[in-house]
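Colleague: In case you want the letters, here they are:
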Amino acid sequence: MAATPKPRVKVPKSAKAGEVIVLKTLISHEMESGQRKDKEGKTIPRKIINKFSCEFNGQPVFSCDIDPAISANPYFEFSAKVPESGTFKFTWVDDDGSIYTDEQKIDVN
Amino acid sequence: MERLKLLTGTAVCVVLTGLAIATAMADPVDDTLEIDGVPMITKAPAPEGHPFKEVLSGWLFREAETRATEAESFANPGMFAVERGAEIWGTVEGSMGKSCASCHNDAAESMKGVGASYPKWDAKSKKPLNVELQIDKCRVENMGAEPYKFDDADQIALTTYIKHQSLGTPVKVDLSQGDMQTWWDKGKEVYYTRTGQLNFACASCHEGAMGKYIRADHLSQGQVNGFPTYRFNTAGMVSLHNRFRGCIRDTRAEMPKAFSDELMALEVYVTWRGTGLSVETPSVRQ
Amino acid sequence: MTLTRRRALALFAGAAAFPALQLLPRPAFAAAEDTTKLIADFAGGKEPQAGKIKLTAPDIAENGNTVPIAINVESAMTDGDMVASVMILADGNPRPEVATFHFTALSGTAAATTRMRLAKTQNVIALAKMADGSVYMDKKEVKVTIGGCGG
Chain H
0 MAATPKPRVK VPKSAKAGEV IVLKTLISHE MESGQRKDKE GKTIPRKIIN KFSCEFNGQP
60 VFSCDIDPAI SANPYFEFSA KVPESGTFKF TWVDDDGSIY TDEQKIDVN
Chain W
0 MERLKLLTGT AVCVVLTGLA IATAMADPVD DTLEIDGVPM ITKAPAPEGH PFKEVLSGWL
60 FREAETRATE AESFANPGMF AVERGAEIWG TVEGSMGKSC ASCHNDAAES MKGVGASYPK
120 WDAKSKKPLN VELQIDKCRV ENMGAEPYKF DDADQIALTT YIKHQSLGTP VKVDLSQGDM
180 QTWWDKGKEV YYTRTGQLNF ACASCHEGAM GKYIRADHLS QGQVNGFPTY RFNTAGMVSL
240 HNRFRGCIRD TRAEMPKAFS DELMALEVYV TWRGTGLSVE TPSVRQ
Chain U
0 MTLTRRRALA LFAGAAAFPA LQLLPRPAFA AAEDTTKLIA DFAGGKEPQA GKIKLTAPDI
60 AENGNTVPIA INVESAMTDG DMVASVMILA DGNPRPEVAT FHFTALSGTA AATTRMRLAK
120 TQNVIALAKM ADGSVYMDKK EVKVTIGGCG G
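Protein chains in written order, with numbering that gives the first Met the number 0: chain H, 0 to 108; chain W, 0 to 285; chain U, 0 to 150.
These are computed hints drawn from the structure, not numbers from a lab.
Just to be clear, a hint being listed does not mean it is correct.
Sample of chain W residues lacking proximity to chain U, with all beta carbon distances greater than 10 angstroms (derived) [what the hints assert, rightly or not]:
{"#": "1", "residue": "D35"}
{"#": "2", "residue": "K97"}
{"#": "3", "residue": "M179"}
{"#": "4", "residue": "T192"}
{"#": "5", "residue": "N198"}
{"#": "6", "residue": "D216"}
{"#": "7", "residue": "T233"}
{"#": "8", "residue": "E253"}
{"#": "9", "residue": "F258"}
Each computed BS3-like pair below joins lysine-lysine, with the alpha-carbon atoms no more than 30 angstroms apart [claimed, not checked]:
{"#": "10", "chain 1": "H", "residue 1": "K80", "chain 2": "U", "residue 2": "K51"}
{"#": "11", "chain 1": "H", "residue 1": "K9", "chain 2": "W", "residue 2": "K125"}
{"#": "12", "chain 1": "U", "residue 1": "K51", "chain 2": "H", "residue 2": "K46"}
{"#": "13", "chain 1": "H", "residue 1": "K50", "chain 2": "U", "residue 2": "K139"}
{"#": "14", "chain 1": "H", "residue 1": "K36", "chain 2": "U", "residue 2": "K51"}
{"#": "15", "chain 1": "W", "residue 1": "K42", "chain 2": "W", "residue 2": "K123"}
{"#": "16", "chain 1": "W", "residue 1": "K171", "chain 2": "W", "residue 2": "K136"}
{"#": "17", "chain 1": "U", "residue 1": "K138", "chain 2": "H", "residue 2": "K80"}
{"#": "18", "chain 1": "U", "residue 1": "K36", "chain 2": "H", "residue 2": "K9"}
{"#": "19", "chain 1": "H", "residue 1": "K50", "chain 2": "U", "residue 2": "K51"}
{"#": "20", "chain 1": "U", "residue 1": "K119", "chain 2": "H", "residue 2": "K80"}
{"#": "21", "chain 1": "W", "residue 1": "K111", "chain 2": "H", "residue 2": "K46"}
{"#": "22", "chain 1": "W", "residue 1": "K111", "chain 2": "H", "residue 2": "K23"}
{"#": "23", "chain 1": "U", "residue 1": "K45", "chain 2": "H", "residue 2": "K23"}
{"#": "24", "chain 1": "U", "residue 1": "K119", "chain 2": "H", "residue 2": "K38"}
{"#": "25", "chain 1": "U", "residue 1": "K36", "chain 2": "U", "residue 2": "K139"}
Derived coverage of chain H by chain W (criterion: at least 3 residues anywhere in the stretch with Cβ under 8 angstroms from a Cβ of chain W; other residues may be distant) [what the hints assert, rightly or not]:
{"#": "26", "segment": "4-14"}
{"#": "27", "segment": "20-29"}
{"#": "28", "segment": "39-52"}
Backbone N, C-alpha and C define an ideal beta-carbon position, used for all residues, glycine too.
Construct the entire structure; sequences and hints are all you get.
Modeller: Spelled out as structure tokens, the structure:
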């Protein structure tokens with residue numbers, strides 16, 4: 000799992016105005032807790048995704064502060080109420096400063 | 000429990016382990032598996048000569064949350080391995096300048112159903128090959144590339160990708176080819192031979208104690224139709240020969256090498272024991 | 000899944016089956032004070048009340064490394080009735096913090112699902128802070144045992 004984290008998101012293609020939809024997100028990440036030790040007995044340094052956020056047309060929808068107790072390959076499922084057509088932007092922030100993003104459009108009618 | 004912590008030694012473990020297996024019993028769940036709406040065969044009539052009447056997917060022995068994770072490919076982190084496998088499929092490697100796709104084109108067509116029929120007899124080496132060994136053979140003979148090291152992340156990913164093309168296809172190994180029957184016989188012997196300090200055979204847990212609990216684990220029939228599998232335990236993919244070795248380690252025996260004749264024979268036999276079950280790769284287990 | 004007597008027996012007998020495993024060094028676990036302090040800080044001095052928030056988690060985790068949990072807070076999610084955030088804690092982990100969810104009017108509902116790690120049998124605690132400052136709490140014990148195989 001040392002490869003570059005890959006985000007995946009699941010957003011309905013379309014919705015009715017004001018409908019509450021379910022969004023699902025998953026990212027490949029080891030979520031090294033900082034609690035484990037290597038074979039030499041040295042603590043393996045913490046490296047986790049510490050923040051996740053979702054915006055719709057630039058407005059915050061949902062965000063999450065994340066601690067090492069979240070499992071590897073973090074999964075989040077939450078909802079959004081979509082007033083209009085637009086774009087969801089998903090952002091994951093890594094302890095090492097890396098930022099991973101994904102975007103998904105939705106048609107609202 | 001405090002007193003039990005002080006108890007060590009093989010004899011105690013053996014006695015108590017026997018007790019643990021004997022204590023509880025729970026039937027596999029009465030549930031049907033659809034992955035993204037596609038039905039999977041998780042119960043099938045056993046082939047002739049099988050100790051059970053019905054073969055059952057390990058999925059039926061897992062808890063609701065674990066079952067649900069496999070039923071939706073989006074929620075299944077094993078799909079990351081499938082995605083990685085797709086990248087490898089199209090990547091040129093080796094001295095001959097070829098990728099898998101150079102010869103096999105679109106895996107969705109060329110590999111459909113293929114994973115359900117392995118291990119297969121290889122006339123040249125006079126041995127059965129599993130998907131991992133078939134990939135290595137292709138890499139060496141047709142690509143001019145190095146074989147993978149056992150459990151290289153790319154070996155697992157490409158194997159997962161290829162087997163995933165058979166998602167839903169019933170497992171069927173062809174024992175009529177070459178000496179496959181001899182390997183099946185040898186695999187059966189391995190399956191029933193007790194080994195290790197705990198003196199367990201494969202059959203001790205997966206036949207004799209199937210449906211019972213060993214500690215908190217609900218013992219399944221030990222079917223292999225979902226391998227490579229995503230395990231919550233390691234939050235990663237586990238190959239079949241890794242699992243074989245893990246089981247053997249848990250009996251406190253010397254572990255045979257991955258892809259050794261002993262474990263290849265076991266793979267032939269155990270795959271046959273799951274005849275008729277859908278390929279579920281990548282399945283999700285605890 | 001419910002903890003039947005039979006299954007409880009299995010867990011007990013199973014735990015006895017591999018006594019050597021119990022000798023492994025244990026990580027330091029969160030002191031109860033840490034959890035109490037985190038709750039007090041989140042609640043801003045208010046006493047958390049029962050109701051409004053529902054925490055869903057298995058009775059027994061099949062594997063402690065990946066335990067699905069879900070929270071749902073009763074709220075219209077409009078200006079007058081809004082959930083600001085939900086904090087998840089696990090009082091028996093090396094650190095009790097798990098995650099804090101932040102909601103907005105665009106969330107539609109104050110509901111979320113994730114997968115978490117539990118180092119041992121312990122309480123999972125979910126606290127909801129409403130926009131008006133009131134705090135609600137739900138708690139559930141999740142049993143965690145080391146599996147018999149490769150656990």
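Colleague: Against each hint, give a clear statement of whether it holds in the structure.
Modeller: Now the hints, each set against the structure:
A cut-off of 10 angstroms between C-beta atoms confirms that D35/W is not in contact with chain U; the least separation is 18 angstroms. Residue-level check passed: K97/W sits 37 angstroms from the nearest beta carbon of chain U, beyond 10 angstroms. Every C-beta of chain U lies more than 10 angstroms from that of M179/W, the closest at about 29 angstroms, which supports listing it as non-interface. The claim that T192/W lies off the interface holds: its Cβ sits roughly 19 angstroms from the closest Cβ of chain U, which is beyond the 10 angstroms cut-off.
Every Cβ of chain U is farther than 10 angstroms from the Cβ of N198/W; the closest lies at roughly 14 angstroms, confirming the non-interface assignment. Under the 10 angstroms C-beta cut-off, the non-interface status given to D216/W relative to chain U is violated; the minimum distance is some 4 angstroms. Distance to chain U contradicts T233/W as a non-interface residue, since its nearest Cβ pair spans about 8 angstroms, not more than 10 angstroms. Distance to chain U confirms E253/W as a non-interface residue, since its nearest Cβ pair spans about 17 angstroms, more than 10 angstroms.
The Cβ of F258/W lies farther than 10 angstroms from every Cβ of chain U, with a closest approach of about 20 angstroms, so its non-interface assignment holds. The suggested pairing of K80/H with K51/U holds, with an alpha-carbon distance near 21 angstroms, which does not exceed 30 angstroms. Of the supplied pair hints, the one linking K9/H and K125/W is violated, its CA atoms being roughly 47 angstroms apart against a limit of 30 angstroms. Distance restraint check for K51/U and K46/H: the Cα-Cα separation of roughly 34 angstroms exceeds the 30 angstroms cut-off, and the hinted pair is therefore not satisfied.
For the hint pairing K50/H with K139/U, the CA-to-CA distance comes to about 25 angstroms; that is within 30 angstroms, so the pair holds. Taking the CA atoms of K36/H and K51/U, the gap is about 41 angstroms. The hint is violated against a cut of 30 angstroms. Annotation: proposed proximity of K42/W to K123/W is violated, straight-line Cα distance about 36 angstroms (limit 30 angstroms). For the proposed pair K171/W and K136/W, the alpha carbon gap of about 22 angstroms is at most 30 angstroms, so the pair holds.
Distance restraint check for K138/U and K80/H: the Cα-Cα separation of roughly 28 angstroms lies within the 30 angstroms cut-off, and the hinted pair is therefore satisfied. At most 30 angstroms may separate the alpha-carbon atoms for a hinted pair to count; K36/U and K9/H exceed this at roughly 37 angstroms. A C-alpha spacing of about 26 angstroms is found between K50/H and K51/U, which places the hinted pair at or below 30 angstroms, so the restraint holds. The suggested pairing of K119/U with K80/H is violated, with an alpha-carbon distance near 37 angstroms, which exceeds 30 angstroms.
With a C-alpha separation of about 39 angstroms, the suggested pair K111/W and K46/H falls outside the 30 angstroms cut-off, and the hint is violated. Distance hint between K111/W and K23/H is fulfilled; the C-alpha atoms sit about 29 angstroms from each other, no more than 30 angstroms. Note on K45/U and K23/H: the hinted pairing is violated, with a Cα-Cα distance of about 33 angstroms set against a maximum of 30 angstroms. In summary, the hint linking K119/U to K38/H is supported, as the alpha carbons are separated by about 23 angstroms, within the 30 angstroms threshold.
Taken as a hint, the K36/U and K139/U pair is honoured in the structure, with Cα atoms around 19 angstroms apart against an allowance of 30 angstroms. Coverage of the segment 4-14 of chain H by chain W holds. Counting CB-CB distances below 8 angstroms, 3 residues qualify, and the rule asks for three or more. Chain W is given as covering the segment 20-29 of chain H, and this holds because 4 residues of the stretch bring a CB closer than 8 angstroms to a CB of that chain, at least three being needed. Counting residues of the segment 39-52 of chain H whose beta carbon lies closer than 8 angstroms to any beta carbon of chain W gives 0, which falls short of the minimum of three for the stated coverage.
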